[in-house]
Structure formats: structure tokens, C-alpha cells
Amino acid sequence: MLQIALWKRLSILMVVLAGLALAMPNLFYERVERHNDAAKAIELQGATPELTAERAGWPGWLPNGLVNLGLDLRGGAHLLAEVQVADVYADRMDGMWPEVRDTLREQRDAVGPIRRVDAPPGELHVRIARPEGMEAALAAVRDLARPTVTLTGVGSSDIEVRGEGDLVIVQLSEAERLATDNRTIQQSLEIVRRRVDEVGTREPTIQRQGADRILIQVPGIGSAEELKALIGTTARLTFQPVVSRTDNPNESPGPGNVLYPDIEDDGVYYVLEKAPVVSGEELTDAQPAFDQNGQPSVTFRFNPAGARKFGQYTQENVGSPFAIVLDDEVISAPVIREAILGGSGQITGNFTVEESTQLAILLRAGALPAELVFLEERTIGPELGADSIEAGKIACIVAFVAVLGFMWASYGLFGLFANIALIVNVGLIFGLLSLIGATLTLPGIAGIVLTIGMAVDANVLIFERIREELKSARGPARAIELGYERALSAIFDANITTFITATILFAMGSGPVKGFAVTLGLGILTSVFTAIYVTRLMIVIWMERRRPKTITV
Amino acid sequence: MRLKLVPSDTNWNFFRFSRVTFGASMVAMVASVILFFVMGLNYGIDFRGGTTIRTESTQPVDVGAYRDALAALNLGDVAISEVFDPGFGPEKNVAQVRIQAQDGEESVTPETINAVEAALQGVDPSITFPSVESVGPKVSGELVQTAILAVALSIFAVLVYIWLRFEWQFSLGAVIALIHDVTLTIGVFALLQIRFDLAIIAALLTIVGYSLNDTVVVFDRVRENLRKYKRMELQDLLNLSINETLSRTMMTSFTTLLALIALIVLGGDVIRGFVFAMIWGVLVGTYSSVFVASNILLMLGVKRDWSKDQDGGAGTQFATADT
Chain A
1 MLQIALWKRL
11 SILMVVLAGL
21 ALAMPNLFYE
31 RVERHNDAAK
41 AIELQGATPE
51 LTAERAGWPG
61 WLPNGLVNLG
71 LDLRGGAHLL
81 AEVQVADVYA
91 DRMDGMWPEV
101 RDTLREQRDA
111 VGPIRRVDAP
121 PGELHVRIAR
131 PEGMEAALAA
141 VRDLARPTVT
151 LTGVGSSDIE
161 VRGEGDLVIV
171 QLSEAERLAT
181 DNRTIQQSLE
191 IVRRRVDEVG
201 TREPTIQRQG
211 ADRILIQVPG
221 IGSAEELKAL
231 IGTTARLTFQ
241 PVVSRTDNPN
251 ESPGPGNVLY
261 PDIEDDGVYY
271 VLEKAPVVSG
281 EELTDAQPAF
291 DQNGQPSVTF
301 RFNPAGARKF
311 GQYTQENVGS
321 PFAIVLDDEV
331 ISAPVIREAI
341 LGGSGQITGN
351 FTVEESTQLA
361 ILLRAGALPA
371 ELVFLEERTI
381 GPELGADSIE
391 AGKIACIVAF
401 VAVLGFMWAS
411 YGLFGLFANI
421 ALIVNVGLIF
431 GLLSLIGATL
441 TLPGIAGIVL
451 TIGMAVDANV
461 LIFERIREEL
471 KSARGPARAI
481 ELGYERALSA
491 IFDANITTFI
501 TATILFAMGS
511 GPVKGFAVTL
521 GLGILTSVFT
531 AIYVTRLMIV
541 IWMERRRPKT
551 ITV
Chain B
554 MRLKLVPSDT
564 NWNFFRFSRV
574 TFGASMVAMV
584 ASVILFFVMG
594 LNYGIDFRGG
604 TTIRTESTQP
614 VDVGAYRDAL
624 AALNLGDVAI
634 SEVFDPGFGP
644 EKNVAQVRIQ
654 AQDGEESVTP
664 ETINAVEAAL
674 QGVDPSITFP
684 SVESVGPKVS
694 GELVQTAILA
704 VALSIFAVLV
714 YIWLRFEWQF
724 SLGAVIALIH
734 DVTLTIGVFA
744 LLQIRFDLAI
754 IAALLTIVGY
764 SLNDTVVVFD
774 RVRENLRKYK
784 RMELQDLLNL
794 SINETLSRTM
804 MTSFTTLLAL
814 IALIVLGGDV
824 IRGFVFAMIW
834 GVLVGTYSSV
844 FVASNILLML
854 GVKRDWSKDQ
864 DGGAGTQFAT
874 ADT
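Line by line, the protein sequences are chains A and B.
So for the first sequence, our numbering puts the first residue at 1; every next one is plus one.
So for the second sequence, our numbering puts the first residue at 554; every next one is plus one.
Honestly, the hints are just simulated from the structure, not real lab data.
Glycine residues also receive a C-beta, built at the ideal position from the N, C-alpha and C atoms.
Straight-line Cα separation of at most 25 Å, BS3-like style, residue types lysine-lysine; simulated pairs:
| hint | chain 1 | residue 1 | chain 2 | residue 2 |
| --- | --- | --- | --- | --- |
| 1 | A | K393 | A | K514 |
| 2 | B | K691 | A | K228 |
| 3 | B | K691 | A | K514 |
| 4 | A | K471 | B | K783 |
Here are some, though not all, of the chain A residues that point toward chain B, as calculated from beta-carbon distances under 7 Å:
| hint | residue |
| --- | --- |
| 5 | T379 |
| 6 | A391 |
| 7 | V398 |
| 8 | A409 |
| 9 | V449 |
| 10 | T498 |
| 11 | M508 |
Next comes chain A alone, as it looks inside the complex:
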């Protein structure tokens, strides 16, 4: 009849206790959070008395997993950035030009003099004086191709070369573009991560999304603007020889040169040689500092190769100016007073202390390989998040009390069983959320409240069924057994269909909606578990103790 094996009873009890134990730290959220932060800090930087005291605020042997609070609850900034992967193609073409030039010069007899002409982005156009030598030119340039390194594109080469009239056109092959895109995104991710880590906030989320997007969520940061200033700057630093200084923004810089504006003075422009002497990639360190006049500045150090190049250049060009260029703007263009051989130097400009600190961070973390365009940004103030938590908490408690009272009024003792199961249920949801490190969002709280309402459904189905079976005048034990048995198919079908929609929400939703799907899905699992096992166990134990002749449900 109504029997549950001892091992089953124990396992049900174990699951419930484990779930509640995992949920428990959330009741002491701030204490546990301080403990966790301190423990992490000790691991990274070693113990200090304050940190040890903080860590002692929560016993180490207790579970310390917490439900992550989403940005809408904690406050912070959210950015969705698109990496302009095509930027890199142009760089690659620029990088190929010297090689192509040298190769074609070797073929001078066949192709005649050559000239690089303007081309759409991502293509390299070279005009050859003798179009009849096109075949030789194409063959020579094609020899420069290297195999692409990808999983699928084995054997394909990295460039495509074709001739059009007297133009030799070089561009990256499809396979190489894909490979390049991938590398660009990986690099961008890495650099964004380093920059965010430099600011040292708690648990930032930095994820790749789709083909060329990066999702960045930083809790606790003041605004998305701040975050954008930090990660949106390309921070490509170069040192370029100055050809001339001008105030004409439309001046033609001439071949091999570029015209960049001064970062401070409007109307001041510099004509620079396009090829940099050294670039930021060869920096090993950058720190904010003050120059001899007490102005904020940034000191930097090159790696050995960079130091050698920089030393050689400054030695050969004492007395002439060179430009320090950040993202196509000239920060300063000092005159080289003496050879700089030590491999370190100082950038001075009209910086504020904040600017010099930020520039140092950016230079240390490295330049982004391509520009980031922001598609979406959200800032949620911490007070708004705190208000939402407060409101959600109150709504939860009121919903809880209302449902508990109603169940008790409707089903009496059995209602109380269902109520205990409901409390266990919410505990289990929090336990699971903490266990899998899921993020709780405002719609997620709504999901929990909805679950409180719906979780009783399985119990209601069973109790109503028991009532019906009791009418057939069977004994109470038999009625309970049949009630469970016959309600089961409805419970399963009803919950599986809801679970399907929760899964689809999870797969397609983003951010807060995903948080809702998680709590809804977990809520379905735990409510089925508590209805089928937990209330049943309680009823069975009660029946065994009391052995009632009749029951009223």
C-alpha cells in the first residue's frame, strides 16, 4: 500500500537538507559576500589582519555559494560592443605593401615602374606601367601567399590576387578573413578583460556573443560612459617621424605620409611619415608620473627590440621632431634633444591626473586590434537596484503568506503539508541558483513569485484527486495512493509543456529574460520534486503514526 522504502526516505531528506544548506548563505548575503571577497583577496595578495577579520565573519566550513545579483538588482553598467573586424584587413594590406613592392620591383623588366593607388578598404591596388606584364606580376605576387591556419580551410592561401586592366588587386581570401576575424575577437576580448581587471571591480562578465560581438557587464561601476571611456579607446600608440607642421586641414600629405590633428590645439596639424618607428605593442610598462615641471605625465618602457629601434632612431635624428600619436591624434611632438638609449621615456601633454592614469592603464593593457562600436548600453544606479530588491522581497513575502493561508484554509492539514513543501521548494530554488552560480534578475524574482503561485498546482492536482477517490468510498490509504498515481500524468504533461517554454526562453532570451527563464525552469523542477516526494513523505509518515480511519482533504 502506502510505502516508501527507507533509503528513499533518507535520500529525499538528504536532497532537501542539502538544498536548504546551499540556500542558507543567501539569508546572510552581506556577511557571506564580505567573507568571500576577503578570502579571494587573501588568496591573491596574502593575508592582512583586516582581511582575516573579514573572512572570519562567516565560518569557513559552511557553504558560501551565493546567488549572483544581476545588474538590474546590484546596479552597474552593461555594454554590447561590435568589433569592427574589417579594420584589421586594411592593416594587413598596409603590412603587405612593402613585400609586394619589393617583389614587383624584382620584376621591373616585365612590369615596369609600379605605384600604389587608392583602393577601397581591405584591398591593395598597385598600378603597373606595362599591363602586358600582368601575368608575371600576378604570378610573382601570388608567390607571396601563405597557407591559412584554420581548422577547416587547410590548403587555402591567405590572399587572393587578380588583375584588372593595369591594376594588380590584392585582398585577403575568405578563409583568411574568417581566421583573422576570430583572432581579432579573441584579442579584443583579452584586452577588454585586461582593461576591466585593471580597474578591479567585482565579477565582471566579458563574453563573446555571436560572430563579432562582445558583451561586457560590470557591476558597481558608476555609468556606462565611464566603462566606455575605458574600453572604447583603441589606444594605439605610435612614434612617428614628423615631416612638417601645418594649419591647413586639407593639405595633401604626399605619398607615404599621413596628416594627423593635434589633440589639444584646434587647427594644428602634423604631416607624419606613415610607417611608425616604434608602436605601443613594444611597450612593456607604462605608469602615471609627473614630469620635472610637476605636470602629470606617463612614463613608459620598451622591450629590448623596441628600445633598440627607438635608440637607433633618436641617435640618428637628434634635433628633429618626432610625434607621439594616440589613435590618429598627435599627443605631442617634441624635438629629440639627445639619443634615448635606455628604452624608457616619458609622454607629456596637457594631461590631468585622471587622464594620465587612464592612459597608463590603456597602454599597459595594450591596444585593441580594431575599433569597438557600441550597439547597446545600460546603466542602472545602485539605489534603483536596491529599491527593486526591497520591493521584490516584500512582494515575495506577501505572496508567500497569502498562498500559505489560502492553502491551509482550503485543505486543512494537507494544506499545511503542501505549505511546508512550498517553503522547501523556495529554499531549493535558491539552493540550486547558488549551486550553479546563476544570476538573479528582477524578472527572475517575478519568476520566483510566479512559482510560489504555481508550485502548489501539483499538490492541488493530487489533493483534488484524493478528494475524488475518497468519494468512491475506498479506505484513506488507498485513496491517497490512487490520488498520487492518477494525478501523475497530468502533473507531468502540464509541467513538461511549461518547461519547454522556459527552455526556449533561456535559449533565445538575453540578460534579464534569461534570468526569468532560469528561475521558472528551476521552479518547475523543484515544485514537481516537492509535490511528488516531499509532501508524499510527510503524508505517509503521518498516516503511519496516526493510522486514521477517515481523512478529510
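Assemble the complex: chain A is given as a structure, and chain B must be docked to it using the hints.
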């Protein structure tokens, strides 16, 4: 004594007015579609791009002054609405400013935000900005697609699941009930011009889940009774099944509504639209599983002889349909 929402033994005829109820449902659906096309939905920035700024101040909100201050900035379509919530108190005055997506920009530039914030601070020095959200046209377009896909996909998944577990007539009945619920929800959002954003899509999908939950419980009982009473008229059998499950249907809807009402009153203004959609969905979903899904089932008829099922194959269900 037990509290009972419905008497323990009901024998109500749910099909007596089936022409009226079914007709009303159809009229409501058509009206929703018309409302959707005539009035349109009040899309949030998730779906049409743009920026929303939440303002908070100790001074009362003066929508006119805000609008005048922002008109000078030439930002195109600017909508300002005051936000009310019983939890705010007299010292907390909240408004929502929405600015359309600016030409040639994906997300909003810092300059635009600073200009807007400065202009509003000019009107009211005590104003603060607890949240700023901006979505570019590119992402909002994709979000629309994903949202439509999600709703369509979940309805389709349900169609397949119920078809596998029951019969195609059940499946069609459940899905038409779902479409009924979703359409009516969209209709009420168009009518009341409540902001329709990504969270509402989540609510729509939950409504799909909830309404289905209800429908499936009724259908499960229909299936059981089909096996039990081989000769009963289908209409009587459906009526019996609905009556038998009525107590449960009301209980669950009532507890869910209790929880949702707590949330709409106390949960703050940020999720009010979301909770409203769900309350509406629970009401409509409960109604539709009784008056729409079962009606469809009655119209389509079902295969009766469940005792010999599984070996009959798909062909026989049409032959033995008994209406």
C-alpha cells in the same frame, strides 16, 4: 470547514452558451488584431532603438518644462512620462524620458546624454538619473526577430508535444487556445498603450506555458474519461471532464493570481507591465482552456476507442472519429 472556491460537485453545462462564448472569443481576437494595426504597440527601446533615461527628483515632475528644456536640443521624437508607484512618497518624483535613436549612431553618444542631463538639471537642480539605457537600431531589429521566433517556436514545440502525447485534435485545440491568449494580450497592450518591451515577450511565453498547463490538465482528464466512458456523448464527456477539474483550475488560478497581485502592488514600477501581462494571461488562459480549447475539441471530434490505441496507426483515428 474547508474554504471552497467552487462547490464540490458541480454539473455545469459549459457548452450551453458555446456559441456566445466562442463567438465572443473570436470577436475579441479580431478586435485585438485591428487594435494592433490601428493603434499599434507602444514599443520600448528594446524594439525600436533609442534611449530611455529615468529621472528622480525631490521636486514634482513638470513634464512641460522638461519637454521645453529638451526641445532646444533637436533630438527628434522625445517622450516624457511621469512614473507613479505607491512606494514612492512625496519626496520621490520619477519620470521616464525616451529619446528616439539618433541618425547615424548605434548607441547614444556621451555628448547627447550629457546634454540631456544638463538641460534637465537646468529645470530642476535636484534631479538625478538612476538609470540610462540605450539600444541601437541594429540590435533592436534583431531583438524583434528573436522575440517573434521565440514565441512561434514555443507554440510549435507545444503543438508537437501535445500531438505526441494526445492526438492531433487536442494539439490543435491547445494551440488555438494559445494563439487566442497571445493575441488578446497583444490586443490589450495596444488598447492601453502599455510599454511593450523584451520583458513582455517573456511574459507572453509564460502565458503560453501557463495557459497550456491549464489546458493540458483538462485534456488529461478528457483522455482518461474517454477510456472510462466509451459510449458517452463527446459533449457530455467534455463537460464532465471540465467539471471534475474545475476545482483544481480555480484553485491554481487563484493562488497564482494571489502571488501576482502581491507583485503588481508591491513589486515596484519597473516590472509592473510585465506582471500586468501575466495577470491578464492567467485570466485569459484559464478562460480559454475551458471555453476555447474544449470547444475546438468538440468541433473537431476525437477518436473514441482508446483501449485499442497505439496499434491502430494514424489512419484509423479519422475513420473512427465519432461526433
